[in-house]
Amino acid sequence: MEKVTFTLNHKRVTLETDPETPLLWVLRDELGLTGTKYSCGMGICGSCTVLIDGNARRSCRLPVKSVIDKEVVTIEGLGVDGLHAVQNAWVEEEVPQCGYCQSGQILNAVALLEKNPDPSDAEIDRAMDGVLCRCGTYQRIKKAIHKAAEEVRS
Amino acid sequence: MTSQSNTLNRRDFIKLSTGSTAALVLGLSWSCDGNRVAKASNATFSPNAYLEIGSDDTVRIVMPRSEMGQKIYTSLPMILAEELEADWTKVKVIQGDLNEVFGSQSTGGSASIRTQYDILRKAGATAKTMLIQAAAASWQVPVEKCYASEGVVYHKDSKRKSAYGKLVGQAAKLPVPTEVTLKDPRKFKIIGKAYKSLDGRSKVDGSLKYGYDFHLPGMLTAVISRIPRYGSELEGMDDSAALTVPGVLKVVKVSSGVAVIAKNSYAALEGRKKLELTWSPGPHASLNSSQISADLNQALDRTDAIIRDDGDVEQARRSATKTVDLTFEVPYLDHAPQEPNNCTAHFHDGICEIWAPSQNPGNGFNAAKRITGLNDHEIIIHTLRMGGGFGRRLQADYVADAVEVAQHSDSPVKVIRTRDEDIKNGFYRPASVHRASAGVDQNGAVTFWQHQISGPAAGWHGMITGGATEHAYAIPNQKISYSMSDLPVPIGAWRSVANTQTAFVNECLLDEIAIKSDQDPVELRRRLLKDHPRRLGVLNLAAEKANWGKKLPDGHAAGVAVHKSFQSYVAIVAEVSQEKSGKIRVEKITAAIDVGTVINPDGVRSQVEGGVIMALTAALYGEITIEKGAVKQSNFHNYPLLKFSETPVIETHIVKSMEKPTGAGEPPVPPTPPALLNAICALTGERITRLPFS
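Protein chains in written order, with this note's numbering: chain L, 1 to 154; chain B, 1 to 694.
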């Protein structure tokens, strides 16, 4: 057990834990933030995505020691004042079906728009291709990303 | 729209509805005892188990089925709210736990809308009638002079009005009417509108809790090291290393393997890695997919039963001018919902309490009863939200896991599965092989149709034959038959069940005979379906919207398929192209669907989009294989899902209809792969008969 400190959703947190514990389980089991989901456990599907220093990263195999002193944002901390533009677009477009993968989808979309505020369909495909949705909401996600991009630009 | 909240305690609701069993005899789940409700509280009005109106105007609607992404959390309450003339912004939804007043709570067969429509309409209309009666009585005016709209009762001849919340005390004292008048569907204000999901916001802000997220104070987490091959048994166990992992509390044997109970998920997973277990090879250690395929093909020569026998197929075959003979084969498929299976159980105060993300809580209840030997009233099962289901969560194996593990603990225990466990321990869509043939006479009329099906069916032939006899094509000579096999691989309902196989066979066979006899596939279908207006309706709508028959860009081709399942009708036109590498690209899917009266058109579109993607995934990649008595696939790298870059444009067109409403979850799945394969055949000339094909 070691002391681990990082910034989580804009607040400093320090906890005593096994530093090898994947960030996913620290968030879910130790900090009670269950918006970050377990789905494949191998970094294949993207349901466990969080933002680390603004980049979309998969948390299911990432030891918590690797985020020491970094800024971690989960779905719970994404909207600062109400929902983020991407979350709003998701609601407007009725994107989610079961909703289980959507935290990961949203955070990947946020990271994409940070780097590319006006992505083409092909650029969305490239950025989002590894984020899986068994319900098949891809078409709506694409539409919502365009909508959010427009919102952010205007 | 307002966001949802589950403010009413579930147990309160069980209390409200437990008095209503006697009313079930009447055919509907009425809670007749208005006085009881009035005594329980003057602040609420609950004439039946489906709703409760508070003095603050809040309308709490109980959703008696399970939500897993099909959006019945919104569409079922829309039905009740329509007849209640409710103010939609005041509606809150409560997940109904297992309760006999609701009848079967199995959520499958695209049946929620179809079976709940009349019940929920009547439940809403009953409450509205009583609220109007209460208002009329207090104003001392005739009931006929009053009406309700958006949560308020009005008197036509004066300006008097009263919000529902003000009337609950009076309404609760009235006798519950057994006969009520339902609205004229032409006056629907809510049904038919694309209402936003009541739980939409909770799915984008991380607040919605699924089974995997469920938590109780002092709860422990367990994972199971599972039986590695069908029929294999535990021969030896050394748990000493596992027990040294910090946080691991106990290692216990259960029917499905060896469970590690720990303080949290990570400890349980680390503990499981340290278990040393030896297993017997078991009786199926040499079982593999190629042997299964060979056996199923061989069983094609054996007929267990004929399920359709019209005219004389042999005679028609002899006189046909052209015939087509094809053998089709499909593999086992896993559901692989995004949220792996899990369940929580707790033995306390002489009862077994279960929290299950389940499509069929009744099944879980029965499993708990079998395992514990407890009486009915000593088992409580709550339904939790699911991250996808697709038929997988109709089973109760994961509930049994939780009950068995929790028997070894005073604390509540959540048993979770990792992805590999979930894929390897499924109840799969059966593998099957099909021998199919058809022929035409010199006029191009299809004269015979023959289809022999062979597959594992676990004793119920519908698992492999469902949909085979229901193609509706006017063909005078038909013979449809099957042979069932017994295999140790568990099978179960996979989104649209056997329709996935039989639509594939029916629609590719018909396409092939159209090609062989030089007929347009849509024209031929139109002729053969002329007495089936709803099938024709979707076929014509899809063909029109996809510009069937018009010239496509060079290197593109289109294919069509139509299929009825679960009383809904879907036609698909698929447009494909081929990359230089030879890889097929699905460009566009045009879907037409007839679900009768539409409750929420956006919900229907969403289910079509999802069904199409799931079907394309199956056609391109879906395959569970058996090696040495076990499932080979383990995760999304070897059981892949369709990705963004492979997703076609999906356009959904809904037939306008006043027919009774039916469901949209499964019906879009069956016709999608054959439409795709027919398009590929039109483009390349290659008739694909084995799935997956990529």
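It is possible that some hints are incorrect.
[Stated by the list, open to error] Covered, in the sense of this in silico footprint (three residues per stretch, anywhere, with C-beta under 8 Å from a C-beta of chain B), are these stretches of chain L: (1) 33 to 44; (2) 50 to 57; (3) 79 to 92; (4) 108 to 118.
Calculated directly from the structure, the hints in this document are not laboratory data.
Being a predicted model, the structure only gives us computed values, none of them experimental.
The beta carbon of each residue, even a glycine, is placed where N, CA and C say it ideally should be.
* Asked: Holds or violated: the region 108 to 118 of chain L covered by chain B, criterion of 3 or more residues with Cβ-Cβ distance under 8 Å?
  -> Violated - the region 108 to 118 of chain L has 0 residues with a Cβ nearer than 8 Å to chain B, which falls short of three.
* **Assertion that chain B covers the region 50 to 57 of chain L - criterion: three or more residues, beta-carbon distance below 8 Å** => Our answer is that it is violated, as 0 residues pass the Cβ test (under 8 Å) against chain B, missing three.
* Asked: Taking 8 Å as the C-beta cutoff, is the stated coverage of the region 79 to 92 of chain L by chain B satisfied by three or more residues?
  -> It holds: at least three residues are needed, and the region 79 to 92 of chain L offers 5 whose Cβ sits within less than 8 Å of chain B.
* Asked: For the region 33 to 44 of chain L, do at least 3 residues have a Cβ located nearer than 8 Å to some Cβ of chain B?
  -> holds (count 11)
Checked against the numbered hints above, the structure violates hints 2 and 4; every other hint is satisfied.
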